[in-house]
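*Asks:* These are the residues of each chain, in order.
2 protein chains.
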Amino acid sequence: MMTMCQSAEYALRAVVWLAGQHETTVSTPEIAQRTRVPPGYLSKVLQILARAGLVESNPGRTGGFRLARPAERISVLDVVNAIDAVQRIRRCPLGLKSHKHALCPLHRRLDRVAEMVERAYGETTIARIVAEATTVKPLCETA
Amino acid sequence: MMTMCQSAEYALRAVVWLAGQHETTVSTPEIAQRTRVPPGYLSKVLQILARAGLVESNPGRTGGFRLARPAERISVLDVVNAIDAVQRIRRCPLGLKSHKHALCPLHRRLDRVAEMVERAYGETTIARIVAEATTVKPLCETA
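Protein chains in written order, with the numbering used here: chain A, 1194 to 1336; chain B, 1194 to 1336.
Hints are computed from structural coordinates only; laboratory data are not their basis.
This structure is a prediction, so every number in the text was calculated from the model and none was measured.
Each residue gets a CB set at the ideal place from its N, CA and C atoms; glycine is no exception.
Take the hints with a grain of salt, since some may be wrong.
[As the list claims (entries may be wrong)] Covered stretches of chain A (chain B as the covering partner; in silico rule of three or more C-beta atoms under 8 Å from a C-beta of chain B):
#	segment
1	1215-1225
2	1232-1244
3	1304-1314
[Said to hold, decoys possible] Examples of chain B residues lying across from chain A (beta carbon under 10 Å, computed):
#	residue
4	MET1197
5	LYS1237
6	ARG1244
7	PRO1298
8	ARG1321
Bound conformation, chain A alone (with noise of 0.2 Å):
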């Protein structure tokens, strides 16, 4: 079972990279390239992030994409979420009408588990990620 899904880590990976490229625009080919996501696939992750408002597309000779706020302001939640929500538990999945306001201890461990990773996702921003000091840089080879 994956924590997230494909196509919100690989939004995740174009996010991160574009990041790295500050205000440059990058043509999706080369995101393509540098994030190893299949070029179709990230056309469409990339198209779903530009609705959501977190990049922006220049569609001329120079074109491509870029953040369309700065990293500091965008958390890994608002990329997941723009391609697969996370969801919490509102109500009892099974339909009781007495569990309607209050969900069973199964039901209630496991929106905790659920909003533990809404939390922690909430918490990091994309920012943070690409400044981290680290010997090994997101999505690049290290000479």
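Got chain A sorted already, so can you dock chain B onto it with the hints?
*Replies:* For chain B alone, coordinates are given in the frame of chain A:
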């Protein structure tokens, strides 16, 4: 994005229900009715749980399923892993050679979330869910 797949959630419903019936063997149609899981789907899930040694079947005329070991010794993680194991990120998903033994900040963070989910599921026993004092019993309409 679901933090738990549907099959694993169904499996948990069945295991929690069986834990509440103690040693009694319960037929698949009855478990299906109680847990509101489609019977054909539930039957497949129970077979997987049986192969994983979490439930045992009694194929006689009074056939059905019961837990194969005490609910104190079954964690949510045991059930989830039997169906679709929580996937950790063990190596660079891009296949970058220099990341082989060290994840980049992006994938390290995503793996930390997966680890957190794994731990939360691992720490919760089925017995604890069943025993939890609450006004809402797992999977039951309250009077």
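*Asks:* If a hint holds in the structure, say so; if it does not, say that too.
*Replies:* These are the hints, each one checked on the structure:
no.: 1; hint: 1215-1225; in the structure: violated (count 0)
no.: 2; hint: 1232-1244; in the structure: violated (count 0)
no.: 3; hint: 1304-1314; in the structure: holds (count 7)
no.: 4; hint: MET1197; in the structure: holds, 6 Å
no.: 5; hint: LYS1237; in the structure: violated, 17 Å
no.: 6; hint: ARG1244; in the structure: violated, 17 Å
no.: 7; hint: PRO1298; in the structure: holds, 4 Å
no.: 8; hint: ARG1321; in the structure: holds, 8 Å
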